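**Q** Quick note, the sequences are listed as chains A and B, same order.
Residue 12 in our numbering sits at position 12 of the first sequence; the count goes up by one each step and never skips.
Residue 1292 in our numbering sits at position 292 of the second sequence; the count goes up by one each step and never skips.
Note that these hints are calculated values from the structure, not bench results.
Among the hints, a few may not be true.
[As the list claims (entries may be wrong)] Some chain A residues near chain B, calculated using beta-carbon distances under 10 angstroms: (1) D28; (2) H109; (3) F156; (4) D644; (5) G648; (6) R651; (7) L686; (8) E689; (9) D693; (10) T710; (11) A768; (12) K770.
This structure is a prediction, so every number in the text was calculated from the model and none was measured.
Here a beta-carbon is modelled for each residue, glycine too, at the ideal position from N, C-alpha and C.
Okay, here's what each chain looks like letter by letter:
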Amino acid sequence: MQNYQHIGHSAVRVDGKEKVTGAALYTDDLDFGPNLLYAEVVEGPHAHAMILSIDTSEAEKVHDVVAVVTGKDFPYNFGLYMKDRYIFAQDRVRFFGEQIAAVVARTPHAALKAAKLVKVNYKPLPKVLCPVEAIAEGAELLHPNLKNYQHVPWFFPQPDTNIAHHRKIRKGNVEKGFDDADFVLEDTYNVPRYSHCAIEYHAAVAKYDLSGRLTVWASSQSPHTQRNLFANALAPLGIKHNDVRVIAPHVGGGFGSKAGVTMEILAAAIATKVPGNPVKVLWNREREFYNTYQRLGVVAKLKIGVKNDGRITTLKHDLFWDAGAYVEYGANVVNAVGLSAIGPYKVDNASIDSYCIYTNLPPGGPYRGFGYSEFLFGLESHMNRIAKHLNMDPVEIRRRNAIKEGDLTAYGAHMNPNGLHKAIDAVEQKIQWNQPLISNDPNIAIGKGFSLFWKAPAMPPNAASSCFLKFNEDASINLLVSGMDIGQGFLTVMAQIAAEELSVPTSKIRTENPDTDRNPYEWQTVASHVTWGCGNAVRKAAIDAREQIIELVSRTKFLPKETLFLENERVKCTTDPSFELLLKDFIINGIQAEDGTFKGGPILGRGVFMPEYTSTNADPETSQGGHPNVHYTVGAAAAIVEVDKQTGKVRIRKIVEAIDAGKALNPSLVEGQIVGGVLQGISTVLYEEMKFDHRGKMLNPNFTDYKIPTALDVPDEIIPIIIEVPQPDGPYGARGVGEHPMIPIAPLIANAIDNALGIRITSMPITAEKICLTYLDSQKKSSI
Amino acid sequence: MAIPYEFQYFKPGTIAEVVALLATHGSKARVLAGGTDLVNELKMGYRVPDVLIDIKDLEQLSKIEICNGHLVVGALVTFRDLLESKLVKEHAYIVYEAAGLVASNGVRNRATMVGNICSAVACLDSGAPLLVHNAVLKLLSVNGERELPISKWFLDNRKTALAPNEMVTHISIPIPTMKYGSAYQKMMRYSGEDLSQANVGVLMFADGECRVAFGSVGPVPKRSPKIENHLLTQGLTAESINQAKEMIEQVIAPISDQRATKEYRMHMTKVMFERAIAAAAERLKQPRLITKH
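Generate the whole structure from the sequences, applying the supplied hints.
**A** Shown next as structure tokens:
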């Protein structure tokens, strides 16, 4: 084991002081001076309708109104993976609350008042609110123009249907697998939509100056991707990539909602109509729910065959995704699951059909877990039910099937090194799985659950990260990266990596959220890839800087390079203990030679990382042949719950979760991800639920009726366990852990409730009401 | 979020000025105390008044006092004040218990009990506790003061017996003259702050009288004389309580909405009734709190 000075230590967050003192500024905190304008959007009150006419005349008369814009002003489409989205609705609205127009005014008050005066005539169209109905014969088409949309080469839209993408896996012989099975279990699982619920609203301010420069300040997980999409969408206005500058202040929570582009494009586009004035678009809590990305809903039909010894012979997984009105990002969730819906198991015969289906509900998009929480709800419920049928321990059946390094994934690539079996053992031991649970209260049932998880980053095969590293006179460092610190501690870990390679304390490394003009390219802070990808780039930049330092010292001090090393902000020499050179004495101004001249100059490191082994070139009918995913992160979790038999209320006594981080660069931050992820998972399984009425209008876009846990609702105990089986291409062996901790929680709790009460609930959320009524029903049936 | 509506704002220094404004503006005026309901309604454009009368300067309304055998709660008394009052805990334990379950800390610091009954939303927490205590409301207008029993206050969801020119100045809770036990049960979707999907209040006395009120299972909270009489005549036995649970089906009329189905509300009301009876009976057995005042 290598002895690191910074890696593997729980360094204090580099942004901690800024945040706890309130020095940290978020987008809505920034001061843009008296010329700031405010935009308020006009929303469509139909889930599906043609727009016949828009009358803005009354709105324009309101005092302080500067401009009113509509879809006609911006006849452009855009999107991350498929260009199916519009800045403002064009000829039709496709979800309730979609933006039709915007009023720009000198005060928020005037903008709001005028927005209410914009008159829109609609002709309602039949709407489709359910993915299964949307693919039925004769269903209303949401995107008649689907066949003309540009998309990435790994999507397969089906023109003249509501299927925007269909990812298929065909591996081995599925039918033979069912013939060989001793037991086959088939069922359907329902997972509704969910909202990210970040505390900070989406906010964007854009300024299109009189020279044609477009600057956007946005609460963002994706500054460079936003720049790219803004520049592409607004190219008809003559805007080029280097005209667009995205500045990303601190972010008050993302969870996927601030990835890609949603409302930010409104600010960028509107600004072009009021040159010289910054324009602010600030979302509110209601819109956070119904007009940003939502987690996609899914109806998953799952059929698994097993031998009597528990080994899986075959798996068939059909997933019908409610992807919403626009799928430019959400279709890749469907794709990711299509590639991975065998779960962390060795499955020789597999068939997966993952359908991305348009519905007249808000656009689905990235949400922590990127589809894996959704399909694992069914899969990990199924594994428990199969174990129960075989009278086998739920841990044992998982151990027998758990994937190992070198086993083939669903698409035929080899599984990366991983600690799944170690995680199973660690969790089983820590939760004392074999210890009987006894309730002292006849009204309280106790149960335990177990679940595995896996997830790969879902990203283009050529998603890249990069880093610039600049030394300052005192040997302090500015580390320029474009990943976003969205609370996970990304910047801290990047500083640790540079500190490790350059032997400079993290306190002397300043690394901040980016400005795309100054900071080098990063694809997006999503997919749990940024510590892995950008970490590699930072390490390369630091090594680049170190090599320049060593080279300079070697040639000026006539010492062999291989004898020189960095320690404690100095260059030292293995063969001459008396030699030492302080970095600050030469890092900017160079080293003076005997003849009085200076050699060297400011040390600047650069690092770039892009995986060079990934490919999406595969047979679309089978998905065999490519290598779409860089690696999978795996883990296991167990829970002990108490259920009140009379009320259905669940109290979670303990959750143990182990994750294979490869290498925990900062263990305390990894533990933070585990605790936070476990809570988010609990919230989705026990409390949260988006409700829509028959018109497709969301009924509960507020925390009054969309419940996320408070301090009173957390488990008595959450025990994080870090497993470290190194990832060969990860920085120091690290792989992503950001999204994963929430992924196993829904089936975990479902399994524990079944263990406690003998009831199996196959639809989320598993509310107290659902538990109570299901249990009462089961008691009635058993008493007949 | 900006309030896009215009209204006149007054902050009078005397009650006389408040009732004078009410006399002038009537139903076009609304009284602002904690504002936790009212300000949200202003933002949403619901019941936007022409005139807003802020009573927060009327310090005399922020007291909790004993007066003629009554616990008197002023219109500016917040749920936080109720929670911190020894008088409330001693003389109206159920009010204390319910106050602790209203919304969240932040809301309890501002929201008032008088505001809660004036909003009179069907899911309010103050209804059942005040009903079992036979509380009396003090209403003031330019024509003088009148008293109204809480049982006559709630007319419908969000509708009360308050006249347009009146304000509620106090809630007056008769102090029990004998040993009592009380309990409040609230159905919530989780342990954090939530609007009640059903609630039950029970107040029982050493002489066997047992008062029961149900909230959030109909447009207004209400007592059940039938169940109360049953418990009084049959005593508190497992059998009589079970019979009372069955009677609940005839007493309440819960609806299904996005927060809960009527089936679950009905079931939970029975469970909560039984638990409230048990808790109140247990408290009746405890030695009584003694507070000097």
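**Q** Of the numbered hints stated previously, which ones are contradicted by the structure, given in increasing order?
**A** The structure breaks hints 1, 3; every other hint is satisfied.
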